[in-house]
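Student: Based on these hints, arrange chain P on the given structure of chain D.
Residue numbers (my numbering), protein chains in the order written: chain D, 4 to 461; chain P, 4 to 461.
Treat the hints with caution; some may be incorrect.
Copies of one chain are not kept apart here, so a pair can be met inside one copy or by any two copies together.
[Unchecked claim] Derived pair list, reagent style DMTMM-like, types lysine to aspartate or glutamate, alpha-carbon separation capped at 20 Å: (1) Lys359 / Glu457; (2) Lys49 / Glu409; (3) Lys339 / Glu255; (4) Lys75 / Asp176; (5) Lys266 / Glu255; (6) Lys232 / Glu349; (7) Lys275 / Glu259; (8) Lys232 / Glu204; (9) Lys38 / Glu313; (10) Lys232 / Glu206; (11) Lys339 / Glu46; (12) Lys345 / Glu293; (13) Lys170 / Glu260; (14) Lys43 / Glu293; (15) Lys275 / Asp354; (16) Lys43 / Glu409.
Just so you know, the hints here were simulated from the structure itself, not pulled from any lab data.
This one's a predicted model, so the numbers in the text were calculated from it and none came from an experiment.
Number of protein chains: 2
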Amino acid sequence: MESIKDYIEKNSQRFLDELFGLIRIPSISSQSEHKPDMYKAAEYWKKILADAGCNTVEIFETETNPIVYGEKTFNPKLPTILVYGHYDVMPADPLEAWISPPFEPETRDGKIYARGADDDKGQSFMHAKAFEYMVKTGTLPCNVKFMFEGEEEIGSGALKKWCAEHKELLKSDVILVSDTGMISMETPSITTGLRGIACIEVEVTGPSRDLHSGLFGGAVANPVNILCKMIASLHDENRHVTVEGFYDDVEEIGVEERRELAKSPFSVDDYKNALNINQVWGEIGYTTNERTGIRPALDVNGIWGGYIGEGSKTVIPSKACAKISMRLVPNQDFAKISELFKNHFESLAPDYVSVKVTPHHGGQAYVSPLNSPEYKAAYRAVKETFGVAPIPFRSGGSIPVISTFEQTLGVKSLLLGFGLESDAIHSPNENYPLYNFYKGIETIPLFYKYFAEEFEKR
Amino acid sequence: MESIKDYIEKNSQRFLDELFGLIRIPSISSQSEHKPDMYKAAEYWKKILADAGCNTVEIFETETNPIVYGEKTFNPKLPTILVYGHYDVMPADPLEAWISPPFEPETRDGKIYARGADDDKGQSFMHAKAFEYMVKTGTLPCNVKFMFEGEEEIGSGALKKWCAEHKELLKSDVILVSDTGMISMETPSITTGLRGIACIEVEVTGPSRDLHSGLFGGAVANPVNILCKMIASLHDENRHVTVEGFYDDVEEIGVEERRELAKSPFSVDDYKNALNINQVWGEIGYTTNERTGIRPALDVNGIWGGYIGEGSKTVIPSKACAKISMRLVPNQDFAKISELFKNHFESLAPDYVSVKVTPHHGGQAYVSPLNSPEYKAAYRAVKETFGVAPIPFRSGGSIPVISTFEQTLGVKSLLLGFGLESDAIHSPNENYPLYNFYKGIETIPLFYKYFAEEFEKR
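The shape of chain D in the complex, shown without the other chains:
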């Protein structure tokens, strides 16, 4: 029988060509002008899944972006793996910071450079190709279902509803997801936790029009200055978030577990060098990995107000706005946190201005157990292909839909990601090393094999 390594070698260029076709579709879910691209990406996936060996492939319309579903179920006695991924991507700006255009994938220095190269087109594509191999070689040890959505980057609204309406269709024993990273190729890891998220937009309005800052400067409150003051007050001197009640539900992690977590290899110097910063920052009393792994955070993702073009325009702007997101840990409910934030932020507003707080999407945090058949299977598969035992790792990122899967479908997810910190997801020059791409395809069939075994033993 042809080995997966041989199969990859023989088909490596075709795999890339097919992936590049998907990447070239600028399926940015947060920008309505890209609506037609969402359909193009869904159709593209439909063909990929059919060609790879699914019995059924279908595009489900939703009120927003379509969902691609495919399956190959052939033996009810075998466990069923439900593969989840997303075909939508983040906006690509600032465009001028890209070395090659974001939607014209290019291979440089052994990496694919493009928006979506990792997140999540590159990573989800590995599943299609690993599945193709197992079908072609008659080695598929489980039933498989695929579900790819187009709204992960904006909160998975349609998918959540669709899951609730298609529980029978989605019946499965584990949800397999490659949308996270590893510590490094030398220190492979399996993600066992994700933070939740609450996204908010705020708008501070002062005078009803932009004012001449000479004629009015010093006599009328400036909404930008006020917004800055309000944002500045969101962290105290210990860099705790000051939103009232923010930490009430935060799960306190015991000394023992913190000691375990501290075993992940981590060099603060390498971290600083990789980001080109002088100092790390964060909540007093916690390490860098704890700050992203087990503690919540609040960040401004964008701010704007007044004149931002070339040169100067001396105005007191009428409005100032910011996009703010909070990363949450288990037990913090995103809807409750959004409400707490709204109340707190509105209470900060002085009488000089009016404030509008609009909660956007959100999602709950997630933790996965280490004693499950899927974790054991992933551990064995990664250990075999990487030659090193993987480490469990809590990521600071969020995949809001993962906790929804558990609530709605009653199925746990296994986060088998092959990305790296240097992949710059959500950033300019996002990339995905070819090594990781092919290593992922090599690892996935082993996961299937060991999952069937572990599931049997359970």
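Tutor: For chain P alone, coordinates are given in the frame of chain D:
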């Protein structure tokens, strides 16, 4: 002899048509794409001045935007008035806030709506038409020189140099400027003071690229949050500016003079209603008019960083920037204040980020005496055409070049502006009432007449 009122009535439509031609040229000096428009505006002015009766009109090239110069000198025994104005305008954004397009002038409800309708195309145009009348009727009582620049909104860099190189050409007894406002048409006023200005751009840089706010949020300092904190600290709880040394050179105004200033009619309710604000704001211990007239101020004119498009993009931005301007009072040197600001702002920056402070243009404050021939002439002219004695008034705005004129040419300026607060200069829907436009044209020949008389008496 035909009266000025009759002349205006007969020619009112032509005056408007000619002004509209000038307004239609989008001569935005701060945006380099409008470079060709600067030349178009200069050529337009050249023709207007020649047609109005100048002996000589010339366009002087500079390293940046051209200067239009015209003169009619006919009797060395008569005093010489040098009229100054600018043909450049502020950017027009936010475009969506305009009711009619900014560069397609339109008359609605007795007002001209357009960028530059008041500042300064509308106001400077009055001088050309008043001059035209005096030439046509043989009533010109002074020699006249005109000088129109294209960089007032960006600091008058070229004009300052050009003045120093053309002292002989610009020899004059007073500089006459209409680039300011009146308290109201019922309470005419003459501007006797202008604030100085120092414009600065700041940039705060954290990590070398935008980071995923999930993977890094809480562990890496966010440049937007830091910039907000730095900006928030620029005012203390009494709304004093905290820049070290900022008030050192501020001239303290005595009780007596403050009592005089307080006589200008002012309704805080009307002020709040006009701006649609709940509360006025400003330095504790001063009235609204004092806050803009005799006290310095600091405002953010623009701020930007991170993702500002539709929806959300959860990043820790690499950079955050702001445009900040300070309005200054007599004795505060803008170059010194810019330096103090730079030092202060850099000292605020925590080690997590790097900060770049770039001073842009600036200009000194200006005060004009009430016992000069030009003030007396303006007083008499305004009293005659408005039927009410004008009030001296210190404006919060800045015309940086005015103090340069005094330093370089040794000539004082008279600020005879006919604008209103409701003209919304620098804002969307800038406008200039037709009443003010024609009233200005009516007043200017009287100023010439009384200036010749007062100059004789001096």
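Student: Which numbered hints does this structure break?
Tutor: 1, 2, 7, 11, 12, 13, 14, 16
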